[in-house]
Each structure stands twice: as C-alpha cells, then as structure tokens.
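Dock chain X against chain B, hints included.
Chain by chain, the residues run as shown.
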Amino acid sequence: MRLEVGYINIKDVQFGNATEVKDSVLYVNKQDMLDCIGSDPRLEKIDIDIAKPGEEVRITPVKDVIQPRVKAEGPSGVFPGFVSKVDTVGSGRTHVLRGANVVTTGRIVGFQEGLIDMTGPGADYTPFSKSCNVVVICEPIEDLKQHQHEEAIRLVGLKAAAYLAEAARDLAPDELKTYETKPLLEQVNEYQGLPKVAYVYMLQSQGLLHDTYVYGVDAKQIIPTLIYPTEVMDGAIISGNCVSACDKNTTYHHLNNPIIHDLFEKHGKELNFVGVVITNENVFLADKERSSNMTAKLVKMMGVDGVIISEEGFGNPDTDLIMNCKKIENEGIKTVIVTDEYAGRDGASQSLADADAKADAVVTAGNANEIIKLPPMKKIIGHIEPVDVIAGGFKGSLKEDGSIEAELQVITGATNELGYNRLSATTV
Amino acid sequence: MSKLRVVHYINQFFAGLGGEEKADVKPEIREGKVGPGMAFAAALGQEAEIVATVVCGDSFYGENMEEARKLVLDMVKGQKAHLFIAGPAFNAGRYGVACGDICKAVSEELGIPVLTGMYIENPGADIYRKHVSIVQTGNSAADMRNAVPAMAKAALKLARGEDLKASEDGVMEKGIRKNMYREARGSQRAVDMLIAKLSGQPFETEYPMPDFDRVPPNPAVEDISKAKIALVTSGGIVPKGNPDNIEASSATKYGKYDIDGVTDLTSDAYQTAHGGYDPVYANDDPDRVLPVDVLRDMEKEGVIGGLHRYFYSTVGNGTSVANSVGFASKFAKELKEDGVDAVILTST
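Heads up: the protein sequence lines correspond to chains B and X, in order.
Per the working numbering, the very first residue in the first sequence carries number 1; after that it's consecutive.
Per the working numbering, the very first residue in the second sequence carries number 429; after that it's consecutive.
With the rest of the complex left out, here is chain X:
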C-alpha cells in the first residue's frame, strides 16, 4: 500500500527562519519535512509520509488572512495530499489562529482530513474548535515530545475515517451537539437516571446546562415623548408575499422593511411568515403582532417622539439562539446608528 501523503503547516519560528523579525514572511513550500516535521515523520511511521511543508510568517497570516489562506491553499492543492497537519502552536496566539484557519479552509475547500494542536487557552482554540479537530497540548514547545505522537495518532485515525473522541484522543470538544443512538429508549434512561439520583449514585446528564445569558432590562426611558421608537418582531410580519423568503421555522435570516407613511398594516399589504401558530388573526390584521397603527396614533398624539422608519422582522420558531444573536448584533448596530432610543420587541 502506498503511503498517505501528508502536508504539514508550520510558522517561521519552527521552520528555523527566525522569530518576530521574520514573522512577515510570505508562504513558501518546501519539499519533505521541516523542523517538527522530523518528529512527525517518526511518529507517523510507515503509514504516512510528509511530502511537503508550508512555512508562513505569523504576522503575514494574521494581517492578510484572505491572501495567506489562498496562497497556502494553492500550495496544498498541488500536493494531492490525503491529510493536512498544522502546528502544534502551543500557546502562540497568532500561530494558533493561523493553524485553525488554514485547517478549516483546507477541510472545506479540499475535503481532506485536517488536524492541529494547541494549548487550550490559545485564542485559536476557541475560534476553531467547532470546525477543526484540535489536539490539546501543553503551553510551550517543551511539550513537543508529547504533542507530536498524540497528534500523529489522531491524524492517522482521521485519515482512516475514524471519529475522534475527546476522552481517548486528547482532542478538544468541538462543543457542538451531534445526534447519536443510545442503548435504551429515552423514557427508560429517565427512569434509570432518577433512580440513580434518588439513591445518591452517580449519573450523567445528557445535556449539561449552559451558562444562560440573562439580559438585565435597561432603565426606563426618561422621556418617552422625545424618544424614537423602533419595532422589532419575531412574529414573522413581512410585506405580502414574503419577499425575502424568511423561513416558516428555523429562520436563517431577517428582513428590514420601510414603513415610511404607513399608518396601518393591512391584510392586503402584510402577512406573517411564521409557521408556529395559527396565522388567521395575524393575517387578518398584522397590527396585532406588529402594532404600527397604535404607534402611529401615539406619534400623532405626542406620546412618543416618533416611530422609526424601518421595522425588523424574523421568525422565532425553532430558530437557534446563535442565529438570533447573530441577527440582533447586526441590526442593533444599525438601530443605534439611526438614532433609535428604544425598541419594542414583539413575539407572536
């Protein structure tokens, strides 16, 4: 059997080019193994061979990410590699980010197994652990002799198409939830878990509770009669026909709609895109979900300073918390820039 072709990525320091003063070198490719590649070659044994090493300065990668990524990808492409290994980066922040980023890109673009290694507190770990297998290493190169064999072993497993386990392979948990089958059905597991909990025996929850992000309410608006108010809804109110195709559930987008001159949301012009409730009453009178009519009255009466020209809308039906946070961080910025003082959030 022919050996697996491995491409290895390292920074300028481990390639022996120099330290900070050489951190701006552009990517270059060298035949065979370089620096820590020697130890990898020994640990990979007969199964795999490092056919090329890409060397890149950490500052160059960090400051020109798109360009660096493209240059390195092109170099790796030419090697017909079966496996891509980057680092280990230990606690070197820029190096860790570069290793994570290039592994992610190689995996996505070339579809081959990728692996890197770094210290758990390396900023690259937090950014890329969701996407890339990262072997947990010590915080300095002194750990090289442990890191390399662990990475080589894990990399070979990946190349054989096996899954890595945090407990066995020393990789960091990606922190993503993945479906799997357990031995017993859920109800039986619940009964067994309760019996264990009641008798003081150890038990393992299947979903450890996250730290919940509780948002304390802002102080009250001091003078509402001067405040510019915007409407934001997860109730799915959109112009008739749902022009942005916001999904009925598990929304991946939101819409921003101009209501300049609109005093009432009529059933001819607006509807809900939401798939989680009986839409009859919302479609009859969309103001029931997004109260433009009432706010226009209040605007006229001087109760509020004014209604913002745009409303933002999405569907909060099975929509992930991550997507919701993503939407709001974008449009909250716009609302601020537009001088909005307060927002009324409506659901369904």
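The shape of chain B in the complex, shown without the other chains:
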C-alpha cells in the first residue's frame, strides 16, 4: 500500500471572509465553519477561537487535538467510520495542513482532560504550543451524560478538521513524501539481510471514557490485527478518550505516529518495516490474556525479528505492556517498549504497576508525577476552574493569581508514549 502525503505549511491562522489558504496563512470563515460543524442537538453552543504560538493563552480543559487532513486523490476519505465511509484508507494522496490544528475544549467531560499553554514554561512540554490552533469550544446541554458529551465533542472535532482540510484539497504541497509498505509476503522478502521489524501499537480501551476507535469500531471490541502503517496516516485510528492528558494519544498523535515515521526513516536502510499490529488494553484479565496471546502469535506469524511496543496510558495498561513484551520475547523476538513513568512527585516510587526482567530495553517519556509551576496567562480559552480536579491537579492547584502548581500530567502530550518528545527521565 502506497500513500503520498502532501504537506502544506501553515504559518498563521486568521478569521477571514472565506476559508482558504493563501501564502501559508489559513483563513477561516467562522460562520461558515460553525454552520458546517454544528448541528448536534446535544451541544447547546459552539464557538471558535484562535490561539497562536507565543501568545499568553491557556487552553483548558483540552479534549482532543486533530490535524486537518483531506484525501486529495484516491479512494475513500479521512477518518473512516466517522466523517467518511468505512472504505480502506492509506493509499492515494492525502493533503495535510501542517502547523494548524483543531483543539476541542468546553465544559469538562471527565476528570482527565488537559491544558495547553501557548507560551511560558508549560509551552515547552506540549507540541501544540508550536502550532496555530483553531479552538472549538463546545458547551453541552444540561444533564448530558458524560459518554454522550464525549461523543458529541469528538464528532465536532473531526468535522472541524475535515472542514478546514478542504482548503488544502487542490493546493500544491510544500513537501511531498511517499510511504509504502508492500503486501506482507513481498515486504518480508524485499530487503534480504535487514532485520524484519513490526510495530505493536497498543490502543487505549479501558472503557468508561477511555476509548479509541478503529474505522469507527470501539477498540475494546477488536482482537489484535495487522494493518498497513499508512492507514493510520489517514485517520483509521482516532482518539475518543479522557485519559490523563500527558500520555493519551490525541488524534494528532495517531495521524503523525512518530514510531511509524521513524521506522520508515530507517526502512530499507537499517531495517525492514513490515507492518503494524494494533491491539487493545481492556480491563478484564481474560481480555488481556487473549489480546497479548494474539499479538505474540501475530508477530511470530509475520516472521519478524524485532518489535517496538508502545503503551497508551498507565497503571492498568502497564500489565498489558508487560504481558505483550514477555510473550513476544518468549517467541524469540526482540522487543523495545515505550512508556512513561508515575514515580510519585518525589520520583522515589516504582514507576510502573508491573515489571519483568525481559523488559530490558525501555524508552521512557518522563515522570508524569513531577510537579510543575505555570505562570498566569492573560487569556483563557475554555474554563480554568477544572484545573483543581483534572488528573494531575489537586485542591489548590489553581492559585488566586491564576498561576498553577500541578503535576506534569495535566499538560496535553507532555509524556507521550509514542515517543513524540525528547523528555525522558533518569535515576539520580
């Protein structure tokens, strides 16, 4: 399967009379956009704002970040099962607005939503302080149940990204990259002599607001399966969860999965990247056993020499991570796992809820419990009060002057377990 990705660089976003891209500036016709994305009776009010790098702006509570993408040539459309039909994606040509993102906010759904600072010390921890953000603020009707609330906002976010990306459909990209994975038997034989590598992609599926969707299907209900890496770039996997902000994979992270990109970088040179196995992180033991058994069996069937396994979330999914690692190592396949840590505010606690000697190659994205201090910002988009209750916040996190003292956990994408950042941790 072969996908061309055309990147259109966006350096600024402004409201304008028409939604279009001119000279790397994305103009947004606010009313037109509102008309297109807002018809869900579960949402009482939708508004749109813009936040740019360097501005004294704090966006919270952040639910998801979505990069605008459009299928410029070829079959199907992005976000299959949501804004497009469920045709198989990952081939043809996709155009991307690179540098502009949709961020969804509004009244809090659960406790596990995040915060993005566009400047100051908090901005260093999140990739989304570096993009021009079209912030969609959704306020639900009274007494809407949380799972309905989450779904309504998830759909608005995807629609908003698809709406903006239409502006990129007929543009000439600033950069065009091609990603290709051959059918398994061909791919395995393509680079004789290079180690064959697969990626085991764990999807958050603990349920009760911890969900991920694959072609529109709740990942709780999948059994591990093989996909082409380019399917992910077209939005085959999207985030639908309110897990702690620092290490949930936003839809942006799925679309730009850095493990997939960095494996492609070495593909045909130092390794042979043959495919992706997606699996889940269900809470029942039988599900954990089944999924890790299937995953180990699948990578063995593929005949690979090594895998990278990425986790999403922490605590309960640590057990899935270690099961996957152990069972795959037991098949004689080498593993590297990517995780983050909950070592306590003082860093003195054990970092993961499970451990095994076979997990001897670990990449860590940092200790999410470490305390950070964030200065007040001039403008808040969303609602500031939930800072005391979002995961990583505590009573008194929000100070009278608007500054915040909380765990790093509160910042969207800060300890991303796909390895999107340079942040890590070490023993001192």
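FYI, nobody ran anything at the bench for these hints, they're computed from the structure.
As the structure is a prediction and not an experimental result, all values here were calculated from the model.
Hints are supplied without guarantee of correctness; some may be wrong.
[Said to hold, decoys possible] Once the Cα atoms are required to be at most 25 angstroms apart in a straight line, the calculated BS3-like pairs of lysine-lysine come out as:
#1 B:Lys395 <-> X:Lys668
#2 B:Lys130 <-> B:Lys30
#3 X:Lys681 <-> B:Lys395
#4 X:Lys558 <-> X:Lys606
#5 B:Lys269 <-> X:Lys625
#6 X:Lys625 <-> B:Lys358
#7 X:Lys681 <-> B:Lys399
#8 X:Lys558 <-> B:Lys373
#9 X:Lys654 <-> B:Lys358
#10 X:Lys625 <-> B:Lys297
#11 X:Lys681 <-> B:Lys373
Quick look at chain X alone, frame taken from chain B:
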C-alpha cells in the same frame, strides 16, 4: 572573594573524646576545625573554610533524634554557613544515620547544600540516599585519605550550584527518577535501541526494571461463615461531598468510613472521588464499586460472619506504588487489631 563558611559535623570518636563510653555526649560546638576537619581544610583549599565543628555522641543522637536534631540545627543556624558537611561515617551505623539525618534536616530547614560520606552498606545510606548527597567511602577510617578529598570536591561543586553525578563524583545514586531531556525524540531512541538490540550491540535501557514485589495470595479462609470481612477499595467510594478531599488522581491519602447500620450505598449519601473513569454508574449506585448491599445480605443469610464496621477507600489513579504501600501498611495494622479475618479489595 570571601571564603565559603562550612560547618562540619562529627561524632565523639573522631573528635577525640573517646569511644563507646562517650557515645552519650550531648551536641557541642567548637570553633574551627576538629579531627578529620584538618584534612578537609586542606582539601577545601582557598575556596572554603571550616568555621565551626559540631560534635555529638552517636548514642545520644540515635536515642534522642528529635532533641539532637534540634540542638544541632540551632548551633548550625548561628554560624551563617554556606555549606554543611557531616562525617565521613564509613561503616559506623549509628554515626551514618546521624550524618544522614542531620544533613537532611539542615538541607530542609536552612536550605544550604549538604553532603556526607559513608560506606554503601551503612544503614544510613539506604535511609538517606534519597534525600541527601552521600559520597561512597570505604568501610573503615583507613579510607580517610581517599574519602576526604572526594567529599571536599563534591561539596564544593554543590556549593557552586552544580549537580553531582554518580559516575563522576562518587556519590550514591539517590534512586529517584528525575525528568530530563535527551538528544533525540523517544520514537527515534526506540528505533535506535531496537537496531542495537537486534545486532547484538550494547544499548542502555532508560528504565531498569525493579524487582517486582509479587504478593502470593493467602490460603483460602477456612470457614467464611465465621469470618469478619472488611471492604477496601481503590475505586474512590466516599461519603457524598468527599469530606477528606481525596484527590481524583495521584492520591496522597485514604479515608476510613463508618458503615454501622448502612445496608445500601445510595447515590444520596455516597459517590466516587475517582477521576480515572466515567463515574456515572458508580455514582448511580456506589454498591457497584463497594458491594455493601450484597455483603449485608450475606451477613444476614449467615454466608459470612460479619461485615467490618469501617471501610477504607482511596483513589488508585496515578497513585504511586510508594503511597499505596504506605496507606496499606497503616490500615492493615488497624484491620488486624480490629479482628478482621479477610478483606475484599475492589478496584474500579
């Protein structure tokens, strides 16, 4: 530039007062350097000067820790010190504990850099390495000539505001995890690590796996119909309003709640404080997480001997293993004292 003012802490033996028979002397302060202070003065050179030495008997410190700590702190306070050095204690257990404890207290109370030195197996090392920089020394005073220059060098670095590294400065790892930035992003590090692992090249894991504390299940309760059962949960069930303000995540406390006469947890009286899951179903009927209703039935039917009067609850959402162990070691003791025979642990 004026010299840094250093206060040095030593025990009765190194002060020349005597051995075990003098181990109960109370803290006293002397002007200038004493005993190993001579060697420190030489090693510190022009940058720093020992302005005072506090001497304290090891037994006195060990047996009266709070009092000793306070007395020594008061003495150090008066010296306007820039740097505090204790020991080296080598393998002397009580001395090592005293050095670690007073360094921790000085650091916390006075906010100045502190350093001590001891043998890796000194009990003080395990207790205080998390809090205090400890230079690793030999196990006896024969190592004084190596220990002192290493400690002086490390202490000066600390005074200059530099971080100490286990590999360079001979200090013990504190064993705590600290955030830092690496050169490449995590995904690239993972790919590079896998290539190294596949080709048999050396690679370094970023998180060495700890020895995992696996708890074997106890044997089954012999006669459940006579057993007193308690409920303990990490699912966050608390009386409505969360009176103890248990955090929605990364909990630092637990609650103990009286359910005498309660036969059913209703949504009017109970809720969950947990921030890690959709609370709708737990708040609708808190028995779904903490099954008081079912256990009351079983109590009535004689299936169990009885339900304990109190339940314990915390939030297991990003809560550190260390905090969890801390909570349980406290309330497990209470449960035992209250004659509880078995506990049902529920999560979310």
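message: So, against the hints stated earlier in the document, which numbers end up violated here?
response: 9
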